[in-house]
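Undergrad: Sequence:
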Amino acid sequence: MRCGKSFSQISQQVLQKEGMYRLSEVHALEKKSAAVDEVVNFRETFEATGVVA
1 MRCGKSFSQI SQQVLQKEGM YRLSEVHALE KKSAAVDEVV NFRETFEATG VVA
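Residue numbering for the sequence shown follows full-length UniProt numbering, beginning at 1 and increasing consecutively.
The hints are simulated quantities; they were obtained by calculation from the structure and are not laboratory data. Cβ atoms here follow ideal geometry from the backbone N, Cα and C, with glycine treated the same way. Be a bit skeptical, because a hint or two may be false.
Pair ranges (Cβ atoms, derived) [what the hints assert, rightly or not]:
| no. | residue 1 | residue 2 | range |
| --- | --- | --- | --- |
| 1 | GLU47 | TYR21 | 33 to 41 Å |
| 2 | GLN13 | THR49 | 52 to 60 Å |
| 3 | GLU44 | LEU23 | 30 to 38 Å |
| 4 | GLU44 | ARG22 | 27 to 35 Å |
| 5 | THR49 | ARG22 | 34 to 42 Å |
| 6 | ALA48 | SER8 | 36 to 44 Å |
| 7 | PHE7 | GLU30 | 52 to 60 Å |
| 8 | SER6 | VAL26 | 42 to 50 Å |
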């Protein structure tokens, strides 16, 4: 029983670390997609004003 509890604690710590890694990965992807959206909006605005053909 004691061994099982320590294993569950260890696996929980691993999951927490993995979760933090995944979370930071998701944030990085969100920042990237936000930057891409900005560039796309920027280009669309320029195209609408006729600056970029």
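Undergrad: Cβ-Cβ distance between ALA48 and SER8: within 36 to 44 Å?
TA: Check failed, 58 Å falls outside 36 to 44 Å.
Undergrad: Per the hint of 42 to 50 Å, is the separation of the Cβ atoms of SER6 and VAL26 within bounds?
TA: At roughly 30 Å between Cβ atoms, VAL26 and SER6 fall outside 42 to 50 Å, so the hint is violated.
Undergrad: Just to be sure I understand the hint, the distance between the Cβ atoms of PHE7 and GLU30 should be within 52 to 60 Å; is that true here?
TA: With a Cβ separation near 34 Å, PHE7 and GLU30 fall outside 52 to 60 Å, so the hint is violated.
Undergrad: For the pair THR49 and ARG22, does the Cβ-Cβ distance stay inside 34 to 42 Å?
TA: Check passed, 41 Å falls within 34 to 42 Å.
Undergrad: Using the Cβ atoms, figure out if GLU44 sits within 30 to 38 Å of LEU23.
TA: 31 Å Cβ-Cβ, so the 30 to 38 Å window holds.
Undergrad: Using the Cβ atoms, figure out if GLU47 sits within 33 to 41 Å of TYR21.
TA: holds (39 Å)
Undergrad: Regarding GLU44 and ARG22, is the given constraint of 27 to 35 Å on their beta-carbon distance met?
TA: Once the Cβ atoms are compared, 32 Å apart, the range 27 to 35 Å for ARG22 and GLU44 holds.
Undergrad: Can the suggested window of 52 to 60 Å be confirmed for the beta-carbon pair GLN13 and THR49?
TA: Holds, since GLN13 and THR49 (Cβ atoms, about 54 Å apart) stay within the stated range.
Consistency note: the structure conflicts with the earlier hints numbered 6, 7 and 8.
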